[in-house]
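Residue numbers (the numbering used here), protein chains in the order written: chain A, 1 to 183; chain B, 1 to 754; chain C, 1 to 296.
Warning: the hint list may mix true and false statements.
[Stated by the list, open to error] Below, a list of computed lysine-lysine pairs in the DSSO-like style, where the Cα atoms sit at most 30 Å apart: (1) C:Lys-213 <-> C:Lys-262; (2) B:Lys-397 <-> B:Lys-109; (3) C:Lys-262 <-> B:Lys-109; (4) B:Lys-195 <-> B:Lys-412; (5) A:Lys-4 <-> B:Lys-624; (6) B:Lys-171 <-> B:Lys-195; (7) C:Lys-54 <-> A:Lys-74; (8) B:Lys-319 <-> B:Lys-412; (9) B:Lys-319 <-> B:Lys-84; (10) B:Lys-752 <-> C:Lys-270; (11) B:Lys-205 <-> B:Lys-752; (12) C:Lys-2 <-> B:Lys-753; (13) C:Lys-53 <-> B:Lys-205; (14) C:Lys-213 <-> A:Lys-4; (15) B:Lys-753 <-> C:Lys-270; (16) B:Lys-752 <-> A:Lys-4; (17) B:Lys-624 <-> C:Lys-175; (18) B:Lys-753 <-> C:Lys-53; (19) B:Lys-729 <-> C:Lys-262; (20) B:Lys-10 <-> B:Lys-753; (21) B:Lys-624 <-> C:Lys-53; (22) B:Lys-171 <-> B:Lys-86; (23) B:Lys-133 <-> B:Lys-285; (24) B:Lys-67 <-> C:Lys-2; (25) C:Lys-53 <-> A:Lys-4; (26) A:Lys-74 <-> C:Lys-70; (27) C:Lys-53 <-> B:Lys-752; (28) A:Lys-74 <-> C:Lys-257; (29) C:Lys-213 <-> A:Lys-3.
Worth flagging that the hints you see were computed from the coordinates, not collected in a lab. Just so we're clear, the structure is a prediction, and the values are computed from it rather than from any experiment.
Each chain is listed here by its residues.
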Amino acid sequence: MAKKIHVTSTINGEPIEFLCDARQSLLEVLRDTLDFTGAKEGCNNGNCGACTVLLDGLPVDSCLVLGVEVEGAKITTIEGIAREAHLHPIQQCFLEDAALQCGICTPGFIMSTKALLDSNPNPSEHEIRFQLSGNLCRCTGYDKIIRAVQDSAKALSAGVERGGTKATQPDGRRAAKKQPQAR
Amino acid sequence: MASSTGDNKKYKVIGTRPIRHDGADKVTGRAIYGSDVRLNGAVHGKILRSPHAHAQIKSIDTSAAEKLPGVCAVATGADFPDLKDKIANLGEGAVNLAHLSANVLAHRKVLYKGHAVAAVAATNPHVAEEALKLIKVEYEPLESVTWVLDAMRAGAPLLHDNVVTNSMGKKADKPSNVPTHIHFEMGKVDEAFAKADIVIEREYKTASVHQGYIEPHVATALWNEDGHLTLWTSTQGSFTARQQTAELLQIPISRVTVVPCEIGGGFGGKIAVYLEHVAAMLSRKCGRPVKMTMNRDEVFEGTGPTPGSFVRVKLGATKTGQLVAGEAYLAYDAGAFPGGMIGPGCMCVFSCYEIPNARVDGYDVLANKPKTQAYRAPGATQAAFACESMMDELAEKLGIDPIELRLRNAAKEGTRRVDGPTYPRVGFIETLQAAKASEHWKSPLKGPHRGRGIASGYWFNIGLKSSAAGNVNPDGTVSLIEGSTDIGGTRTSVAMQLAETLGIAAEEVMPRVADTDGVGYTDVTGGSRVTFATGLAAYEVGLDIRRQMTERAALVFKCDPAAVECVDGMYKANGKSLTFRELAGKLGQTGGPVVGRAAVDPEGPSNGFGTHIVDVEVDPETAKVTILRYTVIQDAGRAIHPSYVEGQMQGGAVQGIGWALNEEYVFDDQGRMQNPNYLDYRMPTALDVPMIETIIVEVPNPAHPYGVRGVGETPIVAPPAAIAAAIYKATGVRARELPISPPRLWAAMAAKKP
Amino acid sequence: MKDFEYQTATTVDEAVSLLAARGERARVLTGGTDLIVQLREGLREADLVVDIKKIPELMELSYSPRSGLKLGAAVPCYRIYDDPEISRAYAALADSARIIGGWQIQSRASIGGNLCNSSPAADSIPSLIVYDVICHLAGPQGRRTVRVADFCTAPGRNVLGRGEILATLEFPPIKKNSGASYLRFIPRNEMDIAVVGAASWLQLDAAGERIEKARVALAAVAPTPLPLTAVSEWLVGKPATSETFAAAGDMASLAVKPISDKRGTVEYRKHLSGVLTKRTLVIAADRARGASAPAH
């Protein structure tokens with residue numbers, strides 16, 4: 001077996017060094033070496049997007065990047081987008097819009113959404129569907145995900161941090177924020 | 001749009017849309033799914049799978065693999081107890097343990113490509129994979145068969161020499177690929193057909209499809225030195241996983257603890273075990289925790305798709321559109337071992353309608369495919385594709401609007417289903433009326449090559465067993481312990497029912513899914529049962545807590561418990577009152593903790609009906625179908641959390657769209673699946689579907705205190721027939737084979753052209 | 001996956017000497033979206049993987065109307081469609097770059113890699129063929145050029161010799177009154193391999209009425225991406241009308257010899273060859289007349 005390779009990169013703003021085999025994917029390194037288990041393995045061949053992370057700001061399937069390739073790169077994972085105990089507006093909108101069921105695809109969708117809204121703050125429904133077509137969801141039928149992306153776009157352009165993490169606090173009934181609506 | 005025929009006004013929590021309790025963990029990547037489990041010293045297991053669809057195993061030589069540095073243990077079928085035929089009830093369906101054992105690790109014979117043959121544990125997954133290549137298996141290939149009708153033919157390759165046909169309790173005397181023949185009959189079928197004004201008969205075929213959950217199967221086992229086995233796994237039922245594992249290893253259930261992790265989708269495919277006892281055996285052999293994760297191709301080839309099918313239906317009706325007779329012949333492939341989805345297929349084929357004279361014959365058929373498993377309303381979609389497509393043809397032939405024809409024959413309270421049961425109050429008619437009144441149905445569809453279709457669907461809600469407990473905390477919250485693994489937000493829909501019962505907020509209940517030592521027996525998350533049955537358990541926990549809290553209030557108020565009134569979470573007597581929270585704060589002084597408990601096994605399964613409307617456009621040159629608009633109408637009994645009810649309706653519809661248009665197992669002439677990946681097994685992407693409109697109809701279920709009906713499964717049943725009807729309107733072609741993929745539809749359209 | 005050695009080359013010479021030393025056992029890594037899958041699934045094996053993304057020449061993307069487009073072999077797809085000038089000038093190339101895998105793939109995958117993978121169904125190769133791209137190769141024997149139509153030799157095989165790499169793709173300058181388009185047919189709307197792919201390039205007269213030059217190429221209808229020479233020659237001098245394009249489509253249907261497989265039948269592929277040839281010619285003509293490419 002070849003000797004392990006030393007790699008230095010920045011993950012979620014922090015400089016990180018690790019050792020890996022050449023054959024290990026970035027996904028394996030993130031999950032098994034560095035314990036960033038938010039990126040999920042769904043297919044391990046670039047067809048489902050569950051392992052999406054941002055590599056120098058671009059969405060990539062981390063299963064199709066070798067760990068050794070990220071020398072000097074900046075990586076953002078799902079663990080790195082909430083700020084100071086507040087969810088990122090995209091995360092908040094996914095929750096409020098019930099855009100997840102089993103949740104396994106959710107980190108990937110949120111990362112792709114972040115990349116999309118970073119580059120196109122006001123995408124059309126078609127643009128959202130096109131840009132998210134590399135992320136498969138088997139539970140939701142996509143409807144509520146698309147709406148969450150649309151709501152995220154609105155929240156981000158309004159510059160409003162919605163909600164925070166109130167839902168996890170025991171008091172303050174937050175029920176019925178969204179009563180039956182045209183869906 | 002959520003239209004409601006029920007009265008939600010009396011509820012404070014039910015019908016609202018709180019943020020799910022596990023939400024923050026799931027949007028931050030913190031939730032622990034099966035593959036996120038980390039144990040010190042864990043090693044990784046991988047499985048060697050058969051390259052042949054059908055072969056005798058002459059020998060397995062694992063010696064070279066055992067010598068590879070890094071390999072910790074190797075196991076084959078020979079390491080496991082040789083189980084005799086024994087039927088075990090898994091909650092949603094039964095299984096023969098000998099078959100289950102041979103399915104998860106082949107004994108003597110491989111019966112499909114991807115059939116597990118041997119397993120290796122090594123210090124990392126790459127080494128384990130390299131070791132698999134060193135295992136030498138000598139096969140003697142046999143002829144294989146994958147299509148259900150081919151498998152039934154005389155002279156077809158026989159999968160098992162000890163399986164004979166059981167026809168309604170009568171056993172045949174020679175081996176066969178047809179383990180079961182089911183027959184239901186009521187009325188005078190032949191007489192009724194003879195008298196009918198119109199009789200039509202058609203044949204339908206469907207391909208094998210997979211549940212397609214994004215999370216591959218995964219299990220981690222630790223067989224401790226004290227003989228106790230702990231499993232961390234992704235399962236729809238921790239108790240059934242415990243039972244199967246204990247049976248397969250022939251150890252007492254009490255020696256096994258199953259810790260259910262977050263589960264990345266199941267849809268029926270994560271009830272049977274595949275990895276658990278293999279990981280356990282490897283762990284026992286090497287004395288370390290063993291983690292096993294499937295690759296995507298293993299999921300397609302080595303777990304359970306749902307049956308491919310052949311269905312022939314005959315309907316007889318009067319000129320005015322009254323159904324008088326029905327006959328159905330259904331042959332579903334079971335895959336490599338008996339026990340496919342033929343039973344529910346037979347029960348569901350005519351389940352939407354009142355047909356006084358009906359006969360159904362169903363055949364469970366062995367084929368060289370992975371053992372089939374449940375997939376969302378298992379067996380119903382294939383049957384509905386046939387029956388609902390014929391209702392559309394009948395409507396056309398009789399010149400009756402397709403909703404009107406369905407209304408004239410719709411199953412209602414008192415309708416007897418062909419397999420025996422008589423419906424209690426059901427909401428089918430209401431879904432049809434809501435469809436008729438919908439903006440979608442009323443708006444004209446303009447443009448060439450476009451068509452609108454409608455179809456209905458039915459699925460049971462099973463009851464089964466659920467346990468729950470609620471611990472009242474001093475701050476007025478309640479920790480809810482339940483045993484139903486949460487695949488789509490059921491923690492919240494169950495917690496909301498407890499909150500409603502206690503008069504507290506949804507956020508004041510903290511639900512936890514416990515392991516098999518932490519909660520009473522609970523059946524699988526399946527059969528559209530969790531919000532119904534575990535919800536019922538939560539309601540009863542609430543009643544138990546309320547009773548105890550009333551006693552405590554009486555102590556505080558110094559009165560008789562009977563004098564305490566409990567309204568909206570407020571305990572009142574003698575002009576004094578305490579909120580639930582205030583009272584919870586006094587538990588320490590009034591006798592200690594309050595724990596509510598419930599274990600339920602509700603009788604009388606309920607029934608869920610839905611009606612779908614779809615508009616399509618067909619490219620006249622390529623035959624590609626575009627879904628332009630889609631509406632799902634369903635009776636939810638009572639929508640506890642409408643967002644997640646809508647989510648079930650939308651998700652089921654899109655799975656049905658995939659089944660209708662593109663999803664299929666493609667086999668070569670050697671019985672090998674050609675497309676075991678997400679690139680060529682084409683599940684819908686976000687770009688393939690429009691927004692899915694929903695109309696929730698609420699006809700409360702009389703068997704549940706809040707009127708809940710399960711909603712999870714019905715939504716997959718109608719789409720193929722609805723889409724086929726819409727394609728007919730757009731092209732003039734009646735598609736009778738799924739999927740209605742572009743090459744197939746193009747060929748039919750080309751054949752139709754003069 | 002079997003382990004391998006990983007080396008990063010920073011010059012073409014370094015890459016060539018690393019690769020030449022190992023021959024068949026060495027593989028070039030650009031975006032990795034094909035190679036990593038092939039290594040993982042055992043379809044290819046390697047003892048050495050040479051990452052060429054750090055070679056400046058291979059990451060070069062430069063365009064001027066006078067000199068044309070120079071596309072380094074490792075430039076990821078997104079850089080093509082993110083550049084409005086390049087997407088306008090080489091619209092068929094942008095059409096291809098936008099649909100190779102999903103967005104995540106396009107962040108990594110390169111047109112050069114798509115070419116070197118040499119799949120009969122490759123989405124970029126028909127576009128490269130109709131632009132008459134020159135491939136600049138570098139190897140132990142020095143540099144040479146190959147016309148892209150001659151690059152692929154069989155499924156997964158091409159003209160690259162031992163130690164030889166594709167360095168850049170040279171696109172001729174855009175001719176006046178010309179336009180091109182790529183379309184593929186897939187059962188879904190994204191994330192699929194072409195059942196058939198078609199690229200068309202047209203140069204019209206100044207009035208936009210008559211075809212002066214034409215090139216049509218198809219994917220997934222032969223062991224290698226297929227230039228439709230006869231159809232291309234037939235189009236010259238014809239009026240740029242829907243009748244002409246339909247007739248060219250009919251010729252295309254007859255000219256191809258596809259196979260039946262899990263993605264389509266012979267008959268369906270022949271039929272689609274005609275449909276897509278016609279449709280890409282219509283778009284190419286529109287673009288030649290000045291219509292801008294749609295976003296997607």
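Hints, verified against the model:
no.: 1; hint: C:Lys-213 <-> C:Lys-262; result: violated, 36 Å
no.: 2; hint: B:Lys-397 <-> B:Lys-109; result: violated, 51 Å
no.: 3; hint: C:Lys-262 <-> B:Lys-109; result: holds, 28 Å
no.: 4; hint: B:Lys-195 <-> B:Lys-412; result: holds, 25 Å
no.: 5; hint: A:Lys-4 <-> B:Lys-624; result: violated, 50 Å
no.: 6; hint: B:Lys-171 <-> B:Lys-195; result: violated, 35 Å
no.: 7; hint: C:Lys-54 <-> A:Lys-74; result: holds, 16 Å
no.: 8; hint: B:Lys-319 <-> B:Lys-412; result: holds, 22 Å
no.: 9; hint: B:Lys-319 <-> B:Lys-84; result: violated, 56 Å
no.: 10; hint: B:Lys-752 <-> C:Lys-270; result: holds, 19 Å
no.: 11; hint: B:Lys-205 <-> B:Lys-752; result: holds, 20 Å
no.: 12; hint: C:Lys-2 <-> B:Lys-753; result: violated, 54 Å
no.: 13; hint: C:Lys-53 <-> B:Lys-205; result: violated, 50 Å
no.: 14; hint: C:Lys-213 <-> A:Lys-4; result: violated, 56 Å
no.: 15; hint: B:Lys-753 <-> C:Lys-270; result: holds, 18 Å
no.: 16; hint: B:Lys-752 <-> A:Lys-4; result: violated, 63 Å
no.: 17; hint: B:Lys-624 <-> C:Lys-175; result: violated, 35 Å
no.: 18; hint: B:Lys-753 <-> C:Lys-53; result: violated, 53 Å
no.: 19; hint: B:Lys-729 <-> C:Lys-262; result: holds, 28 Å
no.: 20; hint: B:Lys-10 <-> B:Lys-753; result: violated, 59 Å
no.: 21; hint: B:Lys-624 <-> C:Lys-53; result: violated, 39 Å
no.: 22; hint: B:Lys-171 <-> B:Lys-86; result: holds, 17 Å
no.: 23; hint: B:Lys-133 <-> B:Lys-285; result: holds, 20 Å
no.: 24; hint: B:Lys-67 <-> C:Lys-2; result: holds, 17 Å
no.: 25; hint: C:Lys-53 <-> A:Lys-4; result: holds, 21 Å
no.: 26; hint: A:Lys-74 <-> C:Lys-70; result: holds, 28 Å
no.: 27; hint: C:Lys-53 <-> B:Lys-752; result: violated, 53 Å
no.: 28; hint: A:Lys-74 <-> C:Lys-257; result: violated, 47 Å
no.: 29; hint: C:Lys-213 <-> A:Lys-3; result: violated, 56 Å
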